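Number of protein chains: 2
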Amino acid sequence: MHSFKELVTQFTEKFKESHFPAQPANLYEPGTYFLEIGGKRIRPVMCLMGNELFDTIQPDAWHVATAIELFHNFTLMHDDIMDKAPLRRGVPTVHTKYNENTALLTGDVMLIVAYDYLAKINPQILPRILTLFNRTGREVCEGQQWDMDFETSQTVKLDNYLHMIELKTSVLLAASLKMGAIIGGASEGNCLHLYEFGRNLGIAFQIQDDYLDAFGDPEKFGKEQGGDIRQNKKTFLLLHALEVANPQQKSRLLQLMEENPADKVEQVLAIFRECNVDTWARELKQSYLDKAYQQLEAVAVTATRKAPLLELAEFLVAREH
Amino acid sequence: MHSFKELVTQFTEKFKESHFPAQPANLYEPGTYFLEIGGKRIRPVMCLMGNELFDTIQPDAWHVATAIELFHNFTLMHDDIMDKAPLRRGVPTVHTKYNENTALLTGDVMLIVAYDYLAKINPQILPRILTLFNRTGREVCEGQQWDMDFETSQTVKLDNYLHMIELKTSVLLAASLKMGAIIGGASEGNCLHLYEFGRNLGIAFQIQDDYLDAFGDPEKFGKEQGGDIRQNKKTFLLLHALEVANPQQKSRLLQLMEENPADKVEQVLAIFRECNVDTWARELKQSYLDKAYQQLEAVAVTATRKAPLLELAEFLVAREH
Numbered sequence: 001m002h003s004f005k006e007l008v009t010q011f012t013e014k015f016k017e018s019h020f021p022a023q024p025a026n027l028y029e030p031g032t033y034f035l036e037i038g039g040k041r042i043r044p045v046m047c048l049m050g051n052e053l054f055d056t057i058q059p060d061a062w063h064v065a066t067a068i069e070l071f072h073n074f075t076l077m078h079d080d081i082m083d084k085a086p087l088r089r090g091v092p093t094v095h096t097k098y099n100e101n102t103a104l105l106t107g108d109v110m111l112i113v114a115y116d117y118l119a120k121i122n123p124q125i126l127p128r129i130l131t132l133f134n135r136t137g138r139e140v141c142e143g144q145q146w147d148m149d150f151e152t153s154q155t156v157k158l159d160n161y162l163h164m165i166e167l168k169t170s171v172l173l174a175a176s177l178k179m180g181a182i183i184g185g186a187s188e189g190n191c192l193h194l195y196e197f198g199r200n201l202g203i204a205f206q207i208q209d210d211y212l213d214a215f216g217d218p219e220k221f222g223k224e225q226g227g228d229i230r231q232n233k234k235t236f237l238l239l240h241a242l243e244v245a246n247p248q249q250k251s252r253l254l255q256l257m258e259e260n261p262a263d264k265v266e267q268v269l270a271i272f273r274e275c276n277v278d279t280w281a282r283e284l285k286q287s288y289l290d291k292a293y294q295q296l297e298a299v300a301v302t303a304t305r306k307a308p309l310l311e312l313a314e315f316l317v318a319r320e321h
Numbered sequence: 001m002h003s004f005k006e007l008v009t010q011f012t013e014k015f016k017e018s019h020f021p022a023q024p025a026n027l028y029e030p031g032t033y034f035l036e037i038g039g040k041r042i043r044p045v046m047c048l049m050g051n052e053l054f055d056t057i058q059p060d061a062w063h064v065a066t067a068i069e070l071f072h073n074f075t076l077m078h079d080d081i082m083d084k085a086p087l088r089r090g091v092p093t094v095h096t097k098y099n100e101n102t103a104l105l106t107g108d109v110m111l112i113v114a115y116d117y118l119a120k121i122n123p124q125i126l127p128r129i130l131t132l133f134n135r136t137g138r139e140v141c142e143g144q145q146w147d148m149d150f151e152t153s154q155t156v157k158l159d160n161y162l163h164m165i166e167l168k169t170s171v172l173l174a175a176s177l178k179m180g181a182i183i184g185g186a187s188e189g190n191c192l193h194l195y196e197f198g199r200n201l202g203i204a205f206q207i208q209d210d211y212l213d214a215f216g217d218p219e220k221f222g223k224e225q226g227g228d229i230r231q232n233k234k235t236f237l238l239l240h241a242l243e244v245a246n247p248q249q250k251s252r253l254l255q256l257m258e259e260n261p262a263d264k265v266e267q268v269l270a271i272f273r274e275c276n277v278d279t280w281a282r283e284l285k286q287s288y289l290d291k292a293y294q295q296l297e298a299v300a301v302t303a304t305r306k307a308p309l310l311e312l313a314e315f316l317v318a319r320e321h
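Top to bottom, those sequences are chains A and B.
With our numbering applied, the first sequence corresponds to residues 1 to 321, in that order.
With our numbering applied, the second sequence corresponds to residues 1 to 321, in that order.
These aren't lab readings, by the way, just hints derived from the structure by calculation.
The model shown is predicted, which means the values in this text are computed figures rather than measured ones.
Don't take every hint at face value.
A pair holds if it fits inside one copy or across any two, identical chains being indistinguishable in the list.
With a cut-off of at most 20 angstroms between alpha-carbon atoms, the simulated EDC-like pairs for lysine to aspartate or glutamate come out as follows [stated by the list, open to error]:
(1) 84 - 147
(2) 250 - 314
(3) 97 - 196
(4) 306 - 196
(5) 16 - 29
(6) 5 - 266
(7) 233 - 263
(8) 16 - 147
(9) 97 - 149
(10) 84 - 100
(11) 120 - 139
(12) 233 - 151
(13) 97 - 290
(14) 120 - 266
(15) 291 - 17
(16) 220 - 29
(17) 40 - 149
(18) 157 - 217
(19) 14 - 29
(20) 264 - 278
(21) 16 - 6
Modelling step: build the complete structure from the supplied sequences, incorporating the hints.
Structure below.
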């Protein structure tokens, strides 16, 4: 058994190997550049942990983990184009450093290379893995589409946002665990519990992310406070506030979003607090975390085998704030 | 046994079925729009023919054919963004009718849906098909990259162009035939001959395309004559002319490309004729066609089974000009 952190170190080291041929350099070099930007490598490690929950880590788990991380980077490279993001982790995005055509085509080939890792696995489990990988891939695209749709929509409800987050973030975490579990020979029931663990954990993570952006200690969180508020992002907090606010509070909120005064963040936060949005968000996060733990509890293996997954949950969601 | 034209009709009809869910409409509706623009559906039909060369058409061949056509449309949708093409087949491209983000994300999900059709096939042949599909996909991206690189390069040689065409056009034709052959239970040797038939046919097709653009009868060809010349496109003809021209002819050619006079097409064509580029191109096309026929000849099945493939070659390359 390996701890979460041990697996992160192992995967990070192994993932440094070259994934692309040398030529055409203008196609593959930007791919290597992007992968070297780094990242927490949480999704591939979840695949390894899903495997090790049931069995020693199989070579197939490394292939699938690599495919997952390449897929994730493909989505990031294309999302950066769509979001016109100049930086990722403090360095220029591919479309900024090179150009949009490069980011488009290099992203495309990165997705295909991801599928090439899948093609290496045991043919007996390939159809199940491939089907789940494809479904998840489609869902992530759907999540990105809903996210873009919501930017210009005035009628987003909390349920819509929850569904979007599920597609854009949670299903890949859930599927990474489940693919590992399939490789580990888990029963369909255990796979399902593990998937639901990942899905609920992902939602709890996103609620926390929204919460910390508004109420977190900027020193500990490492981001400027209220960035989402400044950009009128339709977060869990804003959507809930708009649903529970009284008419005066609601009209003040809408006015602040329209007029963007200098003290907008403070004023919006005051309304959030009046509406108890902070307490509500902490409780909502906890309720998803509880659901996640219940699902993990239901997986039919000994508690000691689950320790790395609890360590992961702690790392992702129970962050200090 | 079915003729090439019968299979085109059958596939075109079957491919009209919906390939996408209804929601999010902004993601999937542009995909349906693009597929409804139509096309000759040559690649998927080549998969069906590759199968039927060896056996009756299997359900798997329809899945793989569908995956191939979706992959092809994914490349077209993204190429249109990269080439800033306003129209395809006379109607607005996806990035023109909707926007670039849509064409990007809808293309992405179309590729994933292509892989979803592959996931349906017999697990026994899935690894071989998936590996070939991935290799071909990477090569098509590489071909597109070389094509973009060549636009701004002054040192493109005929061999480089040939390699680019092979990757961008021929390998998908070749792989479509081979995937069908694998489904039909063909031996590795027969698969290879069929692949080489498709690869050489594809190159012959592209040489003819370049030739017709310059020397074809615009009435029969359906395109304005000399479009490639006007745009200084590095075609087979231009690259060969630059290699065989004497110093005066070469400097006239380069001057015409630089200055773009009103009678540029006529003047360039005159130099092409002085250098016997027209004869050379016809002979080069014929040499690839001969290689293609030799490879088809070597496939160990009766001549009658090969009739649809000869019909296809006739349709693609032996066009009237």
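Each hint, compared with the structure:
In this homomeric assembly, residue 84 and residue 147 come within 20 angstroms of each other (Cα to Cα) only inside a single copy, at 14 angstroms, whereas the closest approach across copies is 26 angstroms. When the C-alpha separation of residue 250 and residue 314 is checked against a cutoff of 20 angstroms, the pair qualifies neither within a copy, at 35 angstroms, nor between copies, at 70 angstroms. For the homomeric pair residue 97 and residue 196, neither the shortest alpha-carbon distance inside one copy (39 angstroms) nor that between copies (39 angstroms) is at most 20 angstroms. Taking the shortest alpha-carbon separations for residue 306 and residue 196, only the intra-copy value of 15 angstroms comes in at or below 20 angstroms, while the best inter-copy value is 53 angstroms.
With identical chains, the CA atoms of residue 16 and residue 29 are at most 20 angstroms apart within one copy only, with a shortest distance of 14 angstroms there and 39 angstroms across copies. Within a single copy, residue 5 and residue 266 get their C-alpha atoms no closer than 38 angstroms, and across copies no closer than 69 angstroms, so neither meets the 20 angstroms cut-off. Taking the shortest alpha-carbon separations for residue 233 and residue 263, only the intra-copy value of 17 angstroms comes in at or below 20 angstroms, while the best inter-copy value is 57 angstroms. Taking the shortest Cα distances, residue 16 and residue 147 never come within 20 angstroms of each other, neither inside one copy (31 angstroms) nor across copies (29 angstroms).
Within a single copy, residue 97 and residue 149 get their C-alpha atoms only as close as 27 angstroms, which misses the 20 angstroms cut-off; across copies the closest is 17 angstroms, which meets it. Within a single copy, residue 84 and residue 100 get their C-alpha atoms as close as 10 angstroms, and across copies as close as 12 angstroms, so both meet the 20 angstroms cut-off. In the homo-oligomer, the alpha carbons of residue 120 and residue 139 lie at most 20 angstroms apart only across protomers (19 angstroms), although the nearest pairing inside one protomer, at 24 angstroms, exceeds that limit. Within a single copy, residue 233 and residue 151 get their C-alpha atoms as close as 8 angstroms, which meets the 20 angstroms cut-off; across copies the closest is 41 angstroms, which misses it.
Taking the shortest Cα distances, residue 97 and residue 290 never come within 20 angstroms of each other, neither inside one copy (43 angstroms) nor across copies (46 angstroms). When the C-alpha separation of residue 120 and residue 266 is checked against a cutoff of 20 angstroms, the pair qualifies neither within a copy, at 54 angstroms, nor between copies, at 54 angstroms. For a Cα distance limit of 20 angstroms, the shortest separation of residue 291 from residue 17 qualifies neither inside one copy, at 38 angstroms, nor across copies, at 40 angstroms. When the C-alpha separation of residue 220 and residue 29 is checked against a cutoff of 20 angstroms, the pair qualifies neither within a copy, at 35 angstroms, nor between copies, at 44 angstroms.
For the homomeric pair residue 40 and residue 149, neither the shortest alpha-carbon distance inside one copy (28 angstroms) nor that between copies (34 angstroms) is at most 20 angstroms. Neither within a single protomer nor between protomers do residue 157 and residue 217 lie at most 20 angstroms apart by alpha-carbon distance, with minima of 28 angstroms and 60 angstroms respectively. When the C-alpha separation of residue 14 and residue 29 is checked against a cutoff of 20 angstroms, the pair qualifies only within one copy, where the shortest distance is 19 angstroms, while the shortest distance between copies is 40 angstroms. Proximity of residue 264 to residue 278 under the C-alpha cut-off of 20 angstroms is restricted to the intra-copy arrangement: shortest distance 17 angstroms within a copy versus 71 angstroms between copies.
Proximity of residue 16 to residue 6 under the C-alpha cut-off of 20 angstroms is restricted to the intra-copy arrangement: shortest distance 16 angstroms within a copy versus 50 angstroms between copies.
Checked against the numbered hints listed earlier, the structure breaks hints 2, 3, 6, 8, 13, 14, 15, 16, 17 and 18; every other hint is satisfied.
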